[in-house]
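Under the numbering used here, read the sequence shown as residues 1 to 185, first letter to last.
Check before you lean on any hint, since a few could be wrong.
Said to hold, decoys possible - Each computed BS3-like pair below joins lysine-lysine, with the alpha-carbon atoms no more than 25 Å apart: (1) K104 <-> K77; (2) K141 <-> K180; (3) K39 <-> K77.
As the list claims (entries may be wrong) - Computed beta-carbon distance windows for the label pairs: (4) D82 <-> K180: 46 to 56 Å; (5) R179 <-> K37: 37 to 47 Å; (6) K39 <-> L63: 14 to 24 Å.
Calculated directly from the structure, the hints in this document are not laboratory data. For each residue, glycine too, the CB sits at the ideal point set by N, CA and C.
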Amino acid sequence: MIFNMSAMGWIEVICGSMFSGKTQELIRRLKLASIAKQKVQVFNSHLDLRYGKEHIISHDKHLLPSKSAKTLKEILKKTEHDTHVVGIDEAHFFGPDLVEVCQKLANSGKRVIVSGLDQDYKGNAFKNMAELMAVSEFVTKNLAICMVCGNPAHYSQRLTQSGKRIEVGASDKYEARCRKCFKAE
């Protein structure tokens with residue numbers, strides 16, 4: 001497919017469970033845009049400090065420089081006028097204005113690539129991600145491998161006891177699980 005960046009913007013969503021390669025795919029797409037000499041800006045939630053503060057970093061240690069943001073409105077303010085592609089990692093950490101902000105960016109002619117979990121550790125949808133998928137031009141759902149049986153996995157099993165919906169962590173706190181092996185809390 002060939003796209004004319006000057007003609008319009010659009011939204012791409014990369015979703016799935018923990019360890020499904022969402023950030024790795026986001027980094028791949030953003031690097032390709034950079035190779036094509038498109039100006040890229042990358043943002044991540046200020047909550048995600050697992051591997052670093054000034055980069056988005058995949059579990060297998062691929063990385064790309066990024067800016068930390070507390071809110072999506074902050075991303076709007078920091079996005080430069082001549083930017084072609086905006087990447088947002090860990091989008092499920094942001095609030096209900098995810099759709100509004102991504103729509104504004106896309107409507108201004110930018111390609112917006114968003115990565116995040118589609119479900120929480122209980123298997124419930126992150127509403128902001130579900131609503132964003134509904135208005136996106138492209139949606140990619142990545143699957144991981146179940147750490148119990150090896151089947152395709154689309155759930156994030158929390159291994160620690162915490163009542164908080166958002167608990168930042170990696171393999172120290174989560175495992176990818178298939179439908180059969182997932183245990184909702």
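#### Entry: Indices of hints not satisfied (ascending)
Per hint list: zero violations.
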